[in-house]
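> Chain residues, written in single-letter form:
2 protein chains.
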Amino acid sequence: MGVYDLSKEMVIGIDIGGTNTKFGLVNHRGSIFDKGDIKTDIFPTIEEYVDALYTSLQPLVEKFETDYKLKGIGVGAPNGNYYTGAIEYAPNLPWKGTINIADLIGKKFGVPCTLTNDANAAAMGEMMYGAARGMKDFIMITLGTGVGSGIVCNGQVVYGHDGFAGELGHIIVRPGGRKHYSTGAHGSLEAYCSATGITVTAKKLRAENPDSLLNEIPEEQLDSKAVFEAANKGDEIAKEVFRYSGQILGEALANFIMFSSPEAIILFGGVIKAGDYIMKPTREHMEKNLLPIFQNKVKLVFSELKEADAAILGASALVWEK
Amino acid sequence: MGVYDLSKEMVIGIDIGGTNTKFGLVNHRGSIFDKGDIKTDIFPTIEEYVDALYTSLQPLVEKFETDYKLKGIGVGAPNGNYYTGAIEYAPNLPWKGTINIADLIGKKFGVPCTLTNDANAAAMGEMMYGAARGMKDFIMITLGTGVGSGIVCNGQVVYGHDGFAGELGHIIVRPGGRKHYSTGAHGSLEAYCSATGITVTAKKLRAENPDSLLNEIPEEQLDSKAVFEAANKGDEIAKEVFRYSGQILGEALANFIMFSSPEAIILFGGVIKAGDYIMKPTREHMEKNLLPIFQNKVKLVFSELKEADAAILGASALVWEK
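Those sequence lines, one after another, are chains A and B. Take the first sequence: its position 307, counted from the start at 1, is 307 in the numbering used here, and no numbers get skipped. Convert by adding 1000 to the 1-based position in the second sequence; the result is the number in the numbering used here.
Possibly wrong hints are sitting among the right ones.
[Unchecked claim] Derived CB-CB ranges, DEER-like:
{"id": "1", "chain 1": "B", "residue 1": "1234", "chain 2": "A", "residue 2": "209", "range": "46 to 54 Å"}
{"id": "2", "chain 1": "B", "residue 1": "1092", "chain 2": "A", "residue 2": "69", "range": "25 to 33 Å"}
{"id": "3", "chain 1": "B", "residue 1": "1155", "chain 2": "A", "residue 2": "134", "range": "33 to 41 Å"}
{"id": "4", "chain 1": "B", "residue 1": "1304", "chain 2": "A", "residue 2": "62", "range": "55 to 63 Å"}
{"id": "5", "chain 1": "A", "residue 1": "67", "chain 2": "B", "residue 2": "1029", "range": "25 to 33 Å"}
{"id": "6", "chain 1": "A", "residue 1": "183", "chain 2": "B", "residue 2": "1184", "range": "31 to 39 Å"}
{"id": "7", "chain 1": "B", "residue 1": "1035", "chain 2": "A", "residue 2": "183", "range": "19 to 27 Å"}
{"id": "8", "chain 1": "A", "residue 1": "136", "chain 2": "B", "residue 2": "1094", "range": "30 to 38 Å"}
[What the hints assert, rightly or not] Here are the computed lysine-lysine pairs in the DSS-like style, where the Cα-Cα straight-line distance is at most 27 Å:
{"id": "9", "chain 1": "B", "residue 1": "1179", "chain 2": "A", "residue 2": "297"}
{"id": "10", "chain 1": "B", "residue 1": "1039", "chain 2": "A", "residue 2": "179"}
{"id": "11", "chain 1": "A", "residue 1": "233", "chain 2": "A", "residue 2": "297"}
{"id": "12", "chain 1": "A", "residue 1": "96", "chain 2": "B", "residue 2": "1039"}
{"id": "13", "chain 1": "B", "residue 1": "1179", "chain 2": "A", "residue 2": "136"}
{"id": "14", "chain 1": "A", "residue 1": "179", "chain 2": "B", "residue 2": "1280"}
{"id": "15", "chain 1": "B", "residue 1": "1096", "chain 2": "A", "residue 2": "297"}
{"id": "16", "chain 1": "B", "residue 1": "1297", "chain 2": "B", "residue 2": "1322"}
{"id": "17", "chain 1": "B", "residue 1": "1306", "chain 2": "B", "residue 2": "1203"}
{"id": "18", "chain 1": "A", "residue 1": "39", "chain 2": "A", "residue 2": "96"}
{"id": "19", "chain 1": "A", "residue 1": "322", "chain 2": "B", "residue 2": "1280"}
{"id": "20", "chain 1": "A", "residue 1": "96", "chain 2": "B", "residue 2": "1179"}
{"id": "21", "chain 1": "B", "residue 1": "1322", "chain 2": "A", "residue 2": "322"}
{"id": "22", "chain 1": "B", "residue 1": "1022", "chain 2": "B", "residue 2": "1039"}
{"id": "23", "chain 1": "B", "residue 1": "1136", "chain 2": "A", "residue 2": "136"}
{"id": "24", "chain 1": "B", "residue 1": "1322", "chain 2": "A", "residue 2": "288"}
{"id": "25", "chain 1": "A", "residue 1": "22", "chain 2": "A", "residue 2": "107"}
Bear in mind the hints are in silico, worked out from the structure with no lab data behind them. Beta carbons are placed, not taken as given, at the ideal position from N, Cα and C, and that holds for glycine.
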């Protein structure tokens, strides 16, 4: 009589990244029985990739299937479309065009397979196992190399008409502002508040402030973490990097709140390790830009999932939800 | 055997405005059997107001109830909360605090009563009878004295955690920009793209351009319609008023699309009478600010409901939907 008595089912969560693919066998409480990974970018065709996934995963499935029935497979992938089950033109994956990956994986394993993009999967994971348990309305923002988002309204992930809803990183927050390093858009949230954007701000501010400690950091090591360390040493310019980023993030969050009036905004990703340096201005400018009816009631909280497992758990949540 | 054979039910739609209240008896196809109105602001207590509503409406109900059963009542009102059935602190209504109006009306008439705010009711009306028939994902924007909005995702109005979702008029589109005439916020959509905001832009631009025809319009007559007439006479500054407003509206719509990826944006209200003067720049800047995956696929259309009936129809749709 173990901890998993509540259910005799398990699911597989697969997180497809540009370089690595991580997977795990998960129960309905979010406990990971076993996990593993394979390279993503060494397989020239999607068929070879799915074969490799099967070869790695099937022994784990067999190990547990005496006690737990495999219910299905959930996959989180960049540009993964929930409606079509296809990865559509993902710039960082080796396979081009439209890849019907949910269908291929489902047939290979003989169980239903559900796909969504990585940010929506993260939101599902928080709703199923994490900080959003019991919530019907929340927004998940991932602040990593880029800015991703998953929106939940009335207990359902917002996919929109075509499956592409929730691209909050690309919302314009400073019309005519900083050019995005990849899309070329001017003034998008991601251009300022991703780890990449914060590094740009740090480079700009240290150039203007030759006395800042930031100038002691070699160019290739100048990242969000290095700025955080300089801030901890008392460097006012390093603090200003986070204050400026937090202001823009807070203004954006206020706009998001006036759109869908969530119970909470859940933040995830490397950038939030800067703690109060970024969260204090974020919260301040969020509240300042809200209509009074929204003020002081939306929780701003961190993800409760371990960073290493969050993507697997998010993908696995797709199966339970379905 | 008339046109209403499909159903033997009718509903009442009530639109509560600050000055007047309009109501109508509506069938499931959006045909209005009969309609009427009473003043809103002459009743010092909500009980007197509900009594007056009953006195005016009951004869109409009796006239039709031989053939049609009254299914329920839908009410659209400023600050109307769908969850609680209460109007909460509406600045333009005579009754202060929290008014449990759905409960009062429901008891008086002996049928279920459902409340929402006027902008959400408008969205429901379009979904039930108008331009959004058959759509599961769309955003309705009303461009009148203010800017209102109703958001539909996956076939459901987005109410959010507390019932206040969809305040898109108050989203900040120009950080640090023009001060809102009522909220005091800087740079909100409503401050630029409401009829009120467009008048502000007209005043600003005519002050800077003494040769503009706009300077021939008396101050108290300078409104969206007067600017439209000046544009029709070829005045470039009048055209610039709409171009500027359209640019800001288009940028805002692009952000909304990247949030919920709607099939269409449906526009309603006096401002859209300026036609291409405002719609061309709106569409141009909307497309320009979208990620490629969203470009050239979101319809930008006008409401298909008659302006005089739209609010009654919207309120009535609440009952059919429920």
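> Indicate, hint by hint, whether the structure satisfies it.
These are the hints, each one checked on the structure:
1. The given range of 46 to 54 Å is respected by residue 1234 of chain B and residue 209 of chain A, whose C-beta atoms sit roughly 52 Å from each other.
2. Under the hint 25 to 33 Å, the C-beta atoms of residue 1092 of chain B and residue 69 of chain A, about 59 Å apart, miss the expected range.
3. A beta carbon spacing of about 24 Å between residue 1155 of chain B and residue 134 of chain A contradicts the range 33 to 41 Å that was offered as a hint.
4. Distance hint check: the CB atoms of residue 1304 of chain B and residue 62 of chain A are about 59 Å apart, consistent with the given range 55 to 63 Å.
5. Checked against the hint of 25 to 33 Å, the pair residue 67 of chain A and residue 1029 of chain B fails, with Cβ atoms roughly 57 Å apart.
6. For the pair residue 183 of chain A and residue 1184 of chain B, the supplied restraint of 31 to 39 Å holds, since their beta-carbon distance comes to about 34 Å.
7. Taken as a hint, the range 19 to 27 Å is violated for the pair residue 1035 of chain B and residue 183 of chain A, whose Cβ atoms sit roughly 50 Å apart.
8. Between residue 136 of chain A and residue 1094 of chain B the beta carbon distance is about 34 Å. The supplied range of 30 to 38 Å therefore holds.
9. Between residue 1179 of chain B and residue 297 of chain A the alpha-carbon distance is near 24 Å, which keeps this suggested pair within the 27 Å criterion.
10. Between residue 1039 of chain B and residue 179 of chain A the CA atoms are separated by roughly 53 Å; this puts the pair beyond 27 Å, and the hint is violated.
11. Restraint check for residue 233 of chain A and residue 297 of chain A: the C-alpha separation of about 34 Å exceeds 27 Å, so the hint is violated.
12. Our distance criterion of 27 Å between C-alpha atoms is broken by residue 96 of chain A and residue 1039 of chain B, whose separation comes to about 63 Å.
13. Annotation: proposed proximity of residue 1179 of chain B to residue 136 of chain A is violated, straight-line Cα distance about 34 Å (limit 27 Å).
14. With a C-alpha separation of about 25 Å, the suggested pair residue 179 of chain A and residue 1280 of chain B falls inside the 27 Å cut-off, and the hint holds.
15. Taken as a hint, the residue 1096 of chain B and residue 297 of chain A pair is honoured in the structure, with Cα atoms around 22 Å apart against an allowance of 27 Å.
16. Distance check on the hinted pair: residue 1297 of chain B and residue 1322 of chain B sit about 31 Å apart at the alpha-carbon level, beyond 27 Å; violated.
17. At roughly 31 Å between alpha-carbon atoms, residue 1306 of chain B and residue 1203 of chain B are farther apart than 27 Å, so this suggested pair is violated.
18. A threshold of 27 Å between alpha carbons decides the hint, and for residue 39 of chain A with residue 96 of chain A the separation of about 17 Å falls inside it, so the pair holds.
19. The straight-line distance between the Cα atoms of residue 322 of chain A and residue 1280 of chain B is roughly 42 Å, outside the 27 Å bound, and the hint therefore fails.
20. For the hint pairing residue 96 of chain A with residue 1179 of chain B, the CA-to-CA distance comes to about 48 Å; that exceeds 27 Å, so the pair is violated.
21. Proximity of residue 1322 of chain B to residue 322 of chain A is assessed by CA-CA distance (about 25 Å); at most 27 Å being required, the pair is judged to hold.
22. The suggested pairing of residue 1022 of chain B with residue 1039 of chain B holds, with an alpha-carbon distance near 9 Å, which does not exceed 27 Å.
23. Between residue 1136 of chain B and residue 136 of chain A the alpha-carbon distance is near 19 Å, which keeps this suggested pair within the 27 Å criterion.
24. For the proposed pair residue 1322 of chain B and residue 288 of chain A, the alpha carbon gap of about 36 Å is over 27 Å, so the pair is violated.
25. Using a Cα cut-off of 27 Å, the hinted pair residue 22 of chain A and residue 107 of chain A holds, with the two alpha carbons roughly 20 Å apart.
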